[in-house]
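> Sequence:
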Amino acid sequence: MSHRYKLTRTWHGIAKAVHEGFRVPFTTERERSLRIVGASTAAALVITNPLAAFAALGAAAYVAWTRRELISAMIRLNRLPHPALDLEPWSPSWLEEVARESDRIGGVLNAMQGIRSKVIHFGSTSVPKIPLAKPIHDIAIVLAEDRPTDDLRLALERLEYFVVGPAPHAPTGGDTWAIWLPETTVERENRGAGFSLHLVGPRGLARLESMLTHAAFLRAEPQEAAAYAAAKLAAASASHDGAENYRGYVEAKHAFLLGQKERAAEWAKRTGFEPKDEWRER
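Numbering (the numbering used here), first residue to last: 4 to 285.
A hint or two may mislead.
So the derived label-pair ranges between C-beta atoms look like this [said to hold, decoys possible]:
#, residue 1, residue 2, range
1, Q226, E186, 36 to 46 Å
2, D154, A268, 31 to 41 Å
3, E148, A223, 26 to 36 Å
4, A229, H257, 14 to 24 Å
5, V111, E148, 14 to 24 Å
6, A268, A229, 18 to 28 Å
7, D106, K279, 22 to 32 Å
8, A258, A223, 18 to 28 Å
9, R273, G117, 33 to 43 Å
Think of the hints as simulated: they come from the structure by calculation, not from any bench.
Quick caveat: nothing in here was measured; it's all calculated off a predicted structure.
Just so you know, even glycine gets a beta-carbon here, dropped at the ideal spot from N, CA and C.
Modelling step: build the complete structure from the supplied sequences, incorporating the hints.
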(Lines of atoms letter the chains of each structure in order from A and count residues from 1; the text may use other names and numbers.)
(Lines give C-alpha, C1' and ligand atoms only; values in the text may rest on other atoms or scores of the structure.)
Protein backbone atom coordinates (compact mmCIF):
# COMPACT_ATOMS: atom_id res chain seq x y z
CA MET A 1 0.00 0.00 0.00
CA SER A 2 1.29 3.44 -0.88
CA HIS A 3 1.81 6.07 1.83
CA ARG A 4 1.19 9.37 0.07
CA TYR A 5 1.98 12.79 1.46
CA LYS A 6 1.26 14.99 -1.53
CA LEU A 7 2.60 18.50 -1.79
CA THR A 8 0.93 21.21 -3.79
CA ARG A 9 3.12 21.42 -6.90
CA THR A 10 6.23 19.95 -8.48
CA TRP A 11 9.63 21.24 -9.51
CA HIS A 12 8.73 20.41 -13.09
CA GLY A 13 5.69 22.65 -12.88
CA ILE A 14 7.88 25.50 -11.68
CA ALA A 15 10.38 24.93 -14.48
CA LYS A 16 7.60 24.77 -17.06
CA ALA A 17 5.99 27.98 -15.80
CA VAL A 18 9.29 29.86 -15.90
CA HIS A 19 10.23 28.75 -19.40
CA GLU A 20 6.79 28.87 -21.00
CA GLY A 21 6.71 32.56 -20.17
CA PHE A 22 9.48 33.08 -22.72
CA ARG A 23 8.13 30.56 -25.28
CA VAL A 24 11.56 29.24 -26.20
CA PRO A 25 12.84 25.64 -26.13
CA PHE A 26 15.33 24.46 -23.52
CA THR A 27 18.87 25.39 -24.60
CA THR A 28 22.02 26.51 -22.87
CA GLU A 29 21.68 29.55 -20.65
CA ARG A 30 23.78 31.58 -23.07
CA GLU A 31 21.67 30.74 -26.13
CA ARG A 32 18.39 31.21 -24.27
CA SER A 33 19.55 34.57 -22.97
CA LEU A 34 20.61 35.72 -26.42
CA ARG A 35 17.21 34.79 -27.81
CA ILE A 36 15.39 36.75 -25.12
CA VAL A 37 17.67 39.77 -25.50
CA GLY A 38 17.39 39.69 -29.29
CA ALA A 39 13.61 39.40 -29.33
CA SER A 40 13.14 42.22 -26.84
CA THR A 41 15.52 44.53 -28.65
CA ALA A 42 13.95 43.80 -32.03
CA ALA A 43 10.49 44.61 -30.68
CA ALA A 44 11.68 47.96 -29.38
CA LEU A 45 13.45 48.81 -32.64
CA VAL A 46 10.27 48.14 -34.59
CA ILE A 47 8.72 51.19 -32.97
CA THR A 48 11.96 53.13 -33.70
CA ASN A 49 12.43 54.31 -30.17
CA PRO A 50 16.12 54.20 -29.15
CA LEU A 51 15.32 54.73 -25.47
CA ALA A 52 12.86 51.85 -25.50
CA ALA A 53 15.40 49.66 -27.27
CA PHE A 54 18.04 50.43 -24.65
CA ALA A 55 15.63 49.84 -21.77
CA ALA A 56 14.41 46.56 -23.28
CA LEU A 57 17.97 45.38 -23.82
CA GLY A 58 18.93 46.06 -20.22
CA ALA A 59 15.77 44.58 -18.74
CA ALA A 60 15.92 41.46 -20.88
CA ALA A 61 19.58 40.86 -20.08
CA TYR A 62 18.89 41.27 -16.36
CA VAL A 63 15.98 38.83 -16.41
CA ALA A 64 17.79 36.32 -18.61
CA TRP A 65 20.89 36.12 -16.45
CA THR A 66 19.27 36.33 -13.01
CA ARG A 67 16.13 34.22 -13.17
CA ARG A 68 17.96 30.91 -12.69
CA GLU A 69 19.96 32.38 -9.81
CA LEU A 70 16.74 33.59 -8.18
CA ILE A 71 15.10 30.19 -8.56
CA SER A 72 18.20 28.43 -7.23
CA ALA A 73 18.35 30.75 -4.22
CA MET A 74 14.69 30.10 -3.43
CA ILE A 75 15.27 26.37 -3.73
CA ARG A 76 18.19 26.59 -1.29
CA LEU A 77 15.98 28.52 1.12
CA ASN A 78 13.20 25.93 0.76
CA ARG A 79 10.74 28.59 -0.41
CA LEU A 80 9.50 26.72 -3.46
CA PRO A 81 7.29 23.61 -3.39
CA HIS A 82 9.01 20.24 -3.56
CA PRO A 83 8.03 17.13 -5.51
CA ALA A 84 5.33 14.90 -4.11
CA LEU A 85 6.54 13.03 -1.05
CA ASP A 86 5.31 9.57 -1.95
CA LEU A 87 6.55 6.64 0.12
CA GLU A 88 6.05 3.23 -1.47
CA PRO A 89 7.25 -0.34 -0.90
CA TRP A 90 10.29 -1.22 -2.98
CA SER A 91 9.49 -2.56 -6.45
CA PRO A 92 11.69 -4.49 -8.92
CA SER A 93 10.39 -2.10 -11.59
CA TRP A 94 12.53 0.63 -10.02
CA LEU A 95 15.73 -1.07 -11.14
CA GLU A 96 14.25 -1.41 -14.63
CA GLU A 97 13.38 2.31 -14.69
CA VAL A 98 16.92 3.26 -13.68
CA ALA A 99 18.43 0.89 -16.25
CA ARG A 100 16.36 2.45 -19.04
CA GLU A 101 17.20 5.97 -17.90
CA SER A 102 20.89 5.10 -17.64
CA ASP A 103 20.82 3.88 -21.24
CA ARG A 104 19.00 7.05 -22.30
CA ILE A 105 21.53 9.32 -20.61
CA GLY A 106 24.53 7.19 -21.53
CA GLY A 107 23.58 7.19 -25.19
CA VAL A 108 23.83 10.98 -25.23
CA LEU A 109 26.79 11.53 -22.91
CA ASN A 110 29.15 8.67 -23.77
CA ALA A 111 30.95 10.65 -26.47
CA MET A 112 31.45 13.73 -24.29
CA GLN A 113 34.75 14.75 -22.76
CA GLY A 114 35.13 15.33 -19.03
CA ILE A 115 32.76 12.57 -17.86
CA ARG A 116 34.50 10.11 -15.55
CA SER A 117 31.78 7.57 -14.77
CA LYS A 118 28.73 5.78 -16.02
CA VAL A 119 25.35 6.64 -14.47
CA ILE A 120 25.42 5.65 -10.78
CA HIS A 121 22.27 4.59 -8.92
CA PHE A 122 22.28 5.31 -5.18
CA GLY A 123 19.79 6.24 -2.47
CA SER A 124 16.84 4.27 -1.13
CA THR A 125 15.54 2.95 -4.45
CA SER A 126 18.87 1.18 -4.99
CA VAL A 127 18.22 -0.95 -1.87
CA PRO A 128 16.23 -4.07 -2.86
CA LYS A 129 13.23 -4.84 -0.64
CA ILE A 130 13.56 -1.71 1.49
CA PRO A 131 10.13 -1.45 3.17
CA LEU A 132 9.41 2.12 2.05
CA ALA A 133 11.12 4.65 -0.20
CA LYS A 134 10.32 7.74 -2.24
CA PRO A 135 10.19 6.44 -5.84
CA ILE A 136 12.17 9.36 -7.26
CA HIS A 137 15.52 7.80 -8.11
CA ASP A 138 18.84 9.31 -7.04
CA ILE A 139 21.41 8.99 -9.81
CA ALA A 140 24.81 10.59 -10.35
CA ILE A 141 27.54 11.13 -12.91
CA VAL A 142 31.12 11.92 -11.88
CA LEU A 143 32.72 14.79 -13.81
CA ALA A 144 36.32 15.87 -14.24
CA GLU A 145 35.39 19.46 -13.31
CA ASP A 146 33.14 20.88 -10.60
CA ARG A 147 30.77 22.55 -13.05
CA PRO A 148 29.08 20.92 -16.07
CA THR A 149 29.82 22.32 -19.51
CA ASP A 150 27.20 24.08 -21.61
CA ASP A 151 27.18 21.05 -23.93
CA LEU A 152 26.34 18.76 -21.02
CA ARG A 153 23.59 21.08 -19.79
CA LEU A 154 22.11 21.26 -23.28
CA ALA A 155 22.21 17.47 -23.66
CA LEU A 156 20.36 17.01 -20.37
CA GLU A 157 17.78 19.64 -21.25
CA ARG A 158 17.12 17.79 -24.49
CA LEU A 159 16.38 14.77 -22.30
CA GLU A 160 13.82 17.00 -20.52
CA TYR A 161 15.88 17.53 -17.37
CA PHE A 162 15.69 20.88 -15.60
CA VAL A 163 19.22 21.84 -14.54
CA VAL A 164 18.54 23.63 -11.25
CA GLY A 165 22.09 24.60 -10.31
CA PRO A 166 24.18 23.93 -7.18
CA ALA A 167 22.64 21.18 -5.06
CA PRO A 168 21.17 22.78 -1.90
CA HIS A 169 22.48 20.04 0.41
CA ALA A 170 26.07 20.06 -0.87
CA PRO A 171 27.87 22.76 1.16
CA THR A 172 31.27 21.87 -0.27
CA GLY A 173 30.10 22.51 -3.83
CA GLY A 174 30.99 20.37 -6.80
CA ASP A 175 27.45 19.03 -7.13
CA THR A 176 25.10 20.39 -9.81
CA TRP A 177 21.52 19.22 -9.46
CA ALA A 178 19.17 18.36 -12.34
CA ILE A 179 15.71 16.83 -12.13
CA TRP A 180 13.15 15.14 -14.32
CA LEU A 181 9.55 14.60 -13.16
CA PRO A 182 6.63 13.27 -15.21
CA GLU A 183 3.86 15.61 -16.29
CA THR A 184 1.33 12.88 -17.08
CA THR A 185 0.34 9.42 -15.90
CA VAL A 186 1.59 8.00 -19.20
CA GLU A 187 5.03 9.57 -18.68
CA ARG A 188 5.19 8.13 -15.18
CA GLU A 189 4.24 4.67 -16.43
CA ASN A 190 6.74 4.77 -19.30
CA ARG A 191 9.71 6.48 -17.65
CA GLY A 192 9.20 6.47 -13.88
CA ALA A 193 8.18 8.72 -10.99
CA GLY A 194 11.22 10.93 -11.43
CA PHE A 195 15.00 11.21 -11.41
CA SER A 196 17.19 13.41 -9.23
CA LEU A 197 20.50 13.66 -11.10
CA HIS A 198 23.70 14.86 -9.44
CA LEU A 199 26.60 16.01 -11.63
CA VAL A 200 29.49 15.55 -9.22
CA GLY A 201 32.91 17.14 -9.58
CA PRO A 202 36.07 16.72 -7.46
CA ARG A 203 34.78 18.91 -4.61
CA GLY A 204 31.58 16.86 -4.31
CA LEU A 205 33.13 13.42 -4.64
CA ALA A 206 33.61 12.78 -0.90
CA ARG A 207 29.92 13.48 -0.26
CA LEU A 208 28.87 11.18 -3.11
CA GLU A 209 31.10 8.39 -1.82
CA SER A 210 29.55 8.81 1.64
CA MET A 211 26.10 8.34 0.10
CA LEU A 212 27.31 5.32 -1.87
CA THR A 213 28.66 3.82 1.35
CA HIS A 214 25.34 4.42 3.08
CA ALA A 215 23.39 2.74 0.26
CA ALA A 216 25.74 -0.26 0.25
CA PHE A 217 25.39 -0.51 4.05
CA LEU A 218 21.59 -0.63 3.74
CA ARG A 219 21.83 -3.34 1.09
CA ALA A 220 24.11 -5.40 3.32
CA GLU A 221 22.13 -4.87 6.54
CA PRO A 222 18.36 -5.36 6.04
CA GLN A 223 17.57 -4.32 9.61
CA GLU A 224 19.23 -0.96 9.00
CA ALA A 225 17.21 -0.55 5.79
CA ALA A 226 14.03 -1.25 7.75
CA ALA A 227 15.02 1.26 10.43
CA TYR A 228 15.71 3.93 7.80
CA ALA A 229 12.32 3.31 6.17
CA ALA A 230 10.63 3.62 9.57
CA ALA A 231 12.42 6.92 10.21
CA LYS A 232 11.23 8.24 6.84
CA LEU A 233 7.65 7.22 7.54
CA ALA A 234 7.70 8.85 10.97
CA ALA A 235 9.12 12.07 9.52
CA ALA A 236 6.59 12.11 6.68
CA SER A 237 3.69 11.38 9.02
CA ALA A 238 4.61 14.45 11.06
CA SER A 239 4.59 16.65 7.95
CA HIS A 240 1.77 18.40 6.16
CA ASP A 241 1.41 19.84 2.66
CA GLY A 242 3.79 22.62 1.71
CA ALA A 243 7.45 23.45 1.19
CA GLU A 244 8.08 24.42 4.81
CA ASN A 245 6.85 21.04 5.99
CA TYR A 246 8.98 19.22 3.43
CA ARG A 247 11.91 20.96 5.07
CA GLY A 248 10.56 19.65 8.37
CA TYR A 249 10.52 16.14 6.91
CA VAL A 250 14.15 16.46 5.84
CA GLU A 251 15.19 17.81 9.23
CA ALA A 252 13.21 15.15 11.11
CA LYS A 253 15.06 12.28 9.45
CA HIS A 254 18.42 14.08 9.53
CA ALA A 255 19.30 13.16 13.12
CA PHE A 256 18.62 9.49 12.45
CA LEU A 257 20.58 9.63 9.21
CA LEU A 258 23.66 11.09 10.91
CA GLY A 259 23.85 8.18 13.33
CA GLN A 260 23.24 5.63 10.62
CA LYS A 261 25.95 7.11 8.40
CA GLU A 262 28.40 6.74 11.28
CA ARG A 263 27.49 3.06 11.50
CA ALA A 264 27.88 2.80 7.73
CA ALA A 265 31.39 4.25 7.91
CA GLU A 266 32.32 1.76 10.63
CA TRP A 267 30.88 -1.07 8.53
CA ALA A 268 32.95 0.04 5.52
CA LYS A 269 36.16 -0.05 7.57
CA ARG A 270 35.29 -3.44 9.00
CA THR A 271 34.43 -5.03 5.66
CA GLY A 272 36.93 -3.22 3.44
CA PHE A 273 34.20 -1.65 1.32
CA GLU A 274 35.54 0.93 -1.15
CA PRO A 275 32.97 3.44 -2.48
CA LYS A 276 35.09 4.13 -5.55
CA ASP A 277 34.32 0.58 -6.67
CA GLU A 278 30.71 1.72 -6.96
CA TRP A 279 31.47 4.26 -9.67
CA ARG A 280 34.93 3.58 -11.14
CA GLU A 281 36.63 5.57 -13.86
CA ARG A 282 34.98 4.73 -17.16
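> List, from low to high, the hint numbers that the structure doesn't satisfy.
When the structure is compared with the hints, none of them turns out to be violated.
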